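Number of protein chains: 2
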Amino acid sequence: MSVETLSAESDFFAPRAAIDDLLGEFLTQKAHSASVPGQSALALLLRDFLVGGKRVRPLLCVTGWHAAGGQGSSAPAVRLAASIELAHACALIHDDIMDAADSRRGRPTIHRLLAGHHRLPSMAERFGAAGAILVGDLALVWSDELLHTTPMPDAHRTAVLRCVDLARAELIAGQHLDLLTTGDLDVSVETALTVVRYKTAKYTVERPLQVGAALAGGGQPVMDACSAYGVPLGEAFQLRDDVLGVFGDPDRMGKSHLDDLREGKCTSLIVHALRAAGPAEAARLRALIGDPHLGEQEAAEVRAILTGTGARAAVERMIEERHRQALDALASAPFPHGVVRTLEAVAEAAVRRTA
Amino acid sequence: MSVETLSAESDFFAPRAAIDDLLGEFLTQKAHSASVPGQSALALLLRDFLVGGKRVRPLLCVTGWHAAGGQGSSAPAVRLAASIELAHACALIHDDIMDAADSRRGRPTIHRLLAGHHRLPSMAERFGAAGAILVGDLALVWSDELLHTTPMPDAHRTAVLRCVDLARAELIAGQHLDLLTTGDLDVSVETALTVVRYKTAKYTVERPLQVGAALAGGGQPVMDACSAYGVPLGEAFQLRDDVLGVFGDPDRMGKSHLDDLREGKCTSLIVHALRAAGPAEAARLRALIGDPHLGEQEAAEVRAILTGTGARAAVERMIEERHRQALDALASAPFPHGVVRTLEAVAEAAVRRTA
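Heads up: the sequence lines are chains A and B, in that order. Read the first sequence against my numbering and you will find it ends at 532, with the numbers running on by one and no gaps. Read the second sequence against my numbering and you will find it ends at 532, with the numbers running on by one and no gaps.
The shape of chain A in the complex, shown without the other chains:
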């Protein structure tokens, strides 16, 4: 398969079918070649779990390969991208256990699915969580297998592996900081942004671009440009997510406004509001955020405070600023022209989206 230079947002999505085919074939083959009873079911469970994901990270990996001037067949970049998606599946499956989440992508989470299969109701929940820990671990192990069987020049391997290992450790550090600060409304703006930077900006945008670029042998200027574009854009993406989580159209988002608020997640939006609010409003916010019984009326009240304190406008400015930084970085990035156009379109879509 030969891939032309990228030149539009549609080109960004072009490798999606190849990535999905590879993941489907890999996991089907795992199911067929299983040698231990029950192993085949785990492979099929993972295959079903992967259906419907946006594939942002693997698509950015392939884009990074183009950005560094990747030549010839894109098959190795697609394989590496699929590896990134399987590691991400581990992160999601484990995250869903940690959050005790019931659904993901419109279907029951893995731990709920497995709990439903157990013959003894009294043990079902524990069995579901235990099984989902294993399914997540297996996704990471099979991600490694795809990584280790991606053909790559020996001269590029060290950089690819270093970047993959770093990305995974950074995500975990970000998740851990998120866990430490959930329920704590007194975190600083800096801490809230550190969570965003590690959990989303680096993990979702910067590192996937760099992993793909490293596969193509990208030098330091290419790697630096991936960071200069990826970190602010990734932060803008997550800040947009925070805003949509409270102000977005629930029908378009596919989830209620209430989840983020009930969970007590201290987003930049909330941190800003708490700093700008008077004592009465701040006390009201503290009472509402993290309340597991918070309803639509209270959510409307939170929205009014977030708007009234100027927190929403402040976060919109943060998004604009980061969008601008990302575009500036692209303007001087040593990427092929078509890749620049594609990444401009990706930035626009990430920041302007309504769901």
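None of these hints come from the bench; they were simulated from the model. Here the structure is a predicted model, which means the values were calculated and not measured. Careful: at least some of the hints might be erroneous.
Copies of one chain are not kept apart here, so a pair can be met inside one copy or by any two copies together.
Below, a list of computed lysine to any residue pairs in the SDA-like style, where the Cα atoms sit at most 25 Å apart [what the hints assert, rightly or not]:
#  : residue 1 : residue 2
1  : Lys231    : Ala464
2  : Lys442    : Ala477
3  : Lys442    : Pro330
4  : Lys442    : Arg296
5  : Lys442    : Met400
6  : Lys207    : Leu338
7  : Lys442    : Val366
8  : Lys207    : Glu458
9  : Lys231    : Asp361
10 : Lys442    : His294
11 : Lys207    : Leu451
12 : Lys442    : Gly215
13 : Lys442    : Arg282
Let chain A serve as the given structure and place chain B on it in line with the hints.
Okay, now just chain B, sitting in the frame of chain A:
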């Protein structure tokens, strides 16, 4: 560092200090270079967790390197061995969550430690489990970093990585089958032995030997000999564990007899007894095994049935048979003479141990 040919059980343990030093230095360096708040604490938590382990798998990895005629510095074998130990830490930490275990190596388990640190008692248990999932994931990610930074000839890399990936997937398949069958006393001897084969024999003995051998470029006859020795010895090791779990000296074992029985784990010992027992004894066994309130008197009753039905003697014969198979495999293995002596001593220790 140059390592002489192995020639006794003491030589088996010789690399232990180097493995421990490397793990300690690696995790201390991770703690010092942490860039995200909380990350340093995770590194130190892992470093403390590793203290006191037996290091069977990493030591077998170094032995496998010798078995395949590894020459020159053993530093790469030690690094690879340390990588295996960190992946094992992930398995243990996640296993302890799945089993809701309170202690490991005489200290609280990671999820209990983390739960104890949380400021809100109502969220402590969930926080502990969530944090421990992340600590386990981090151990696996850092295991990969050690793996990926182990210097190895390009010609040997594919075999090393394939063996590592396979070992990890096999362990998970074994743990999953164990999970599926826990509480089910009607599993076949074959299924009980499949759990043993994947969770212990392959993962603890065969694969570590092969990973080390692959690093030294061991050919198919060496790999086959690792299997021919490792699988039966690993099975014997686990069968001995099953016997000691019910008949061993609790003071020497460092744990009560009651844990295995209360958990309802369907070991080969239990499966044999259920097949050999009359209806009354079988019904009694079914009532006792898996009873969370089982006491010392009931444990004594179980021991009497296991002995009276001949199950204990049958499992002792299975151990002897596998010990013999392992020694026969060694007798014709293409290993250096000193390695054969060492692995004979390892087999003897694994099978004859009393704790």
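query: Are there hints from earlier that the structure breaks, and if so, what are their numbers?
result: Per hint list: 1, 3, 5, 8, 9, 11 violated.
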